[in-house]
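S.K.: Using the sequences and the hints, build the whole thing.
Following this note's numbering, the numbering of the sequence shown begins with 1 at its first residue and continues without gaps.
Hints were generated in silico from the structure; no laboratory data involved.
Since the structure is predicted, the reported quantities are computational estimates derived from the model, not experimental observations.
It is possible that part of the hints are untrue.
[To be verified] If you anchor each label on the Cβ, the simulated ranges turn out as follows:
no., residue 1, residue 2, range
1, R43, A104, 25 to 31 Å
2, A104, G30, 26 to 32 Å
3, S125, E40, 20 to 26 Å
4, G95, A121, 24 to 30 Å
5, R84, E40, 22 to 28 Å
6, A106, H127, 18 to 24 Å
7, A22, R129, 19 to 25 Å
8, S99, S47, 32 to 38 Å
Glycine included, C-beta positions come from ideal geometry on N, C-alpha and C.
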Amino acid sequence: MNRTLSPDREGVPMEARPSAGACRVISLAGSGRAEQRAREAVRNTCSEFLGARLPDALLVVTELVANAAAHTAGVRGLMLHHDRNATLLTVFDKGGTTSWPRVAEADPLAESGRGLHLVAALADSWHTRPALEGKAVTAVFRTGGREPEAD
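M.R.: The structure is reproduced here in structure tokens:
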């Protein structure tokens, strides 16, 4: 089923709310401290659900926000969704590029190019989809015995 995106009053894309679980949307637009604000939001909202996986989720959200800031027209927001089965961290960008995030081979001497390798290694899964403007990149951390149910 396709989800309908609509912006909230701050212009952060919000998906139709899942029927179960909790969801929080944080605007990161115009923030010089977007990575820090994203980490604080994950720590304050999801630590109970992530448990021992919290450090992994903090690193993953930092990478996703940094990638959006570096490779697109900027970061729009962060959506955190959790239920008894999974915690989803979704970063929305402002577009400005036609390329999609992908895990690529990095030069061993390069100072960058390993962020999505970390995301792929630490999250149970991750995916990208189009949003109103730009893309939404979601990292999934399973916290229960099965995959989260699709809407």
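S.K.: Falls inside 24 to 30 Å, the C-beta gap from G95 to A121?
M.R.: holds (27 Å)
S.K.: The hint says 25 to 31 Å between R43 and A104; measuring C-beta to C-beta, is that right?
M.R.: holds (29 Å)
S.K.: Please check whether S99 and S47 have a Cβ separation lying inside 32 to 38 Å.
M.R.: holds (33 Å)
S.K.: That 26 to 32 Å hint for A104 and G30 (C-beta), does it hold up?
M.R.: Given a distance of about 29 Å, which is inside 26 to 32 Å, the answer is holds.
S.K.: I want to verify a distance hint. Is the separation of the beta carbons of A106 and H127 within 18 to 24 Å?
M.R.: At roughly 21 Å between Cβ atoms, H127 and A106 fall inside 18 to 24 Å, so the hint holds.
S.K.: 22 to 28 Å was suggested as the range; check whether the CB atoms of R84 and E40 agree with it.
M.R.: Given about 24 Å between the Cβ atoms, the range holds.
S.K.: At the C-beta level, are S125 and E40 separated by a distance inside 20 to 26 Å?
M.R.: holds (24 Å)
S.K.: Lying within 19 to 25 Å: is that true of the beta-carbon distance A22 to R129?
M.R.: Given range 19 to 25 Å: holds, Cβ gap about 21 Å.
Checked against the numbered hints above, the structure violates none of them.
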